[in-house]
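Visitor: Residue-level listing of the chains:
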Amino acid sequence: SQKIEQNSEALNIQEGKTATLTCNYTNYSPAYLQWYRQDPGRGPVFLLLIRENEKEKRKERLKVTFDTTLKQSLFHITASQPADSATYLCALEGSNDYKLSFGAGTTVTVRA
Amino acid sequence: EAGVVQSPRYKIIEKKQPVAFWCNPISGHNTLYWYRQNLGQGPELLIRYENEEAVDDSQLPKDRFSAERLKGVDSTLKIQPAELGDSAVYLCASQGGSTGGEATNEKLFFGSGTQLSVL
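So the protein sequences, as listed, match chains X and E.
Quick note, the first sequence lines up with residues 1 to 112 if you use my numbering.
Quick note, the second sequence lines up with residues 1001 to 1119 if you use my numbering.
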């Protein structure tokens, strides 16, 4: 069966450090992978999309890598700030359907 | 630009009662999704619409759940009768348009959701 797995434990880091989140998937052949941010009581907000033929993408302090051989994406928040505290979700759409499926998310807390 | 609007924000009902959720997507977005999110989990797709057509409802529990998207704009999701296990956040999302920028056709815009508690 298809699975999307993210770091099961919450991540607590010191302000200024880099947070690294993992998204592993099985039985998908994704055309692309997306990352979303979700704050308590709010819906997810789109952050980045990386396509299957891209290895890395950056947006301000965010960096995403995508390794289709390892079936893994890494999401980095550099120079983290307390405002980065949230749950981060990865999402995949298979290359044969239009269903966007989400991982369970990883909660990040940045300490001042 | 107005975002995806959902109402109500919260709903508390007793089991076996009916409940309905409403969603107004971003203007011009042809694709609309309903997701359910349980505590500590990611959103799970219930149904996807392209305009007024439900193109994927394979994960919608059709014995008690129904949805409609009249005129391809607003959508309503209904549960009748509700069960204790239906307690969750129900999220609506829309996709599409021609705003340009990154991932215009792929990224989803979510509403704030309706938190349902079934007692």
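Because the hints were derived from the structure by calculation, they are not lab data.
One should not assume that every hint holds.
What the hints assert, rightly or not - Using 27 Å as the maximum straight-line C-alpha spacing, the simulated DSS-like pairs for lysine-lysine come out as follows: (1) X:Lys63 with E:Lys1062; (2) X:Lys71 with E:Lys1107; (3) E:Lys1107 with X:Lys57; (4) X:Lys55 with X:Lys71; (5) E:Lys1062 with X:Lys3; (6) E:Lys1016 with X:Lys99; (7) X:Lys17 with X:Lys63.
Since we're looking at a predicted model, the values are computed, not measured.
Visitor: Give a verdict on every hint.
Guide: A quick look at each hint next to the structure:
For the hint pairing Lys63 of chain X with Lys1062 of chain E, the CA-to-CA distance comes to about 41 Å; that exceeds 27 Å, so the pair is violated. For the suggested pair Lys71 of chain X and Lys1107 of chain E, the alpha carbons sit about 21 Å apart, so the restraint of at most 27 Å is met. The straight-line distance between the Cα atoms of Lys1107 of chain E and Lys57 of chain X is roughly 16 Å, inside the 27 Å bound, and the hint therefore holds. Of the pairs offered as hints, the one joining Lys55 of chain X and Lys71 of chain X holds, with about 12 Å between alpha carbons and a cut-off of 27 Å not exceeded.
Pair hint Lys1062 of chain E plus Lys3 of chain X holds up; C-alpha atoms about 24 Å apart against a cutoff of 27 Å. With a CA separation close to 30 Å, the supplied pair Lys1016 of chain E and Lys99 of chain X exceeds the 27 Å bound. For a cut-off of 27 Å, the pair hint linking Lys17 of chain X to Lys63 of chain X stands: about 14 Å separates their Cα positions.
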